[in-house]
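*Asks:* Mapping of the sequence shown onto the UniProt record's numbering: residues 1 to 109, in sequence order.
Please keep in mind that the hints were generated in silico from the structure rather than gathered at the bench.
The C-beta atom is built at its ideal place from N, Cα and C for all residues, glycine as well.
Check the hints yourself; a few may be wrong.
[Said to hold, decoys possible] Beta-carbon label-pair distances, calculated as ranges:
| hint | residue 1 | residue 2 | range |
| --- | --- | --- | --- |
| 1 | Leu83 | Met1 | 23 to 33 Å |
| 2 | Thr3 | Leu97 | 44 to 54 Å |
| 3 | Lys101 | Glu61 | 13 to 23 Å |
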Amino acid sequence: MFTLIAMIMYFLNIFFMKKMFLEREKMIPLECGFNMMNKNLLPFSIQFYYMAILFLIFDIEISLMLPMIQKLYYFFLNKWLILFTAISLILIFGLILEWWKNLIKWDYY
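Please model the complete structure; the sequences and the hints are all you need to start from.
*Replies:* This is the structure:
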């Protein structure tokens, strides 16, 4: 019953609040209330995007590794070493792969 009332209210809102007149000037994007005078913007650097993704990946992996160091007392030493080595190897192989594919190289335009 509640869902039916919510749907009726939703469709009534769409019906009554429908914009009747869509003018051309209202449909264009504005920059702080005025049209941009200079249209040549610098393109977004894809290297910056790669570096941001790499930072997030390594930051998450390091944040997963830090509690492991604190909980060393509760783990068996051999299981802890295997897990820590596996995570470290994944990080190192990922860094080598990114270096090999030249994702870390920063190009200046």
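*Asks:* Hint by hint, note whether the structure agrees.
*Replies:* Verification of the supplied hints:
| no. | hint | verdict |
| --- | --- | --- |
| 1 | Leu83 / Met1: 23 to 33 Å | violated (53 Å) |
| 2 | Thr3 / Leu97: 44 to 54 Å | holds (50 Å) |
| 3 | Lys101 / Glu61: 13 to 23 Å | holds (19 Å) |
The structure shown violates just one earlier hint, number 1.
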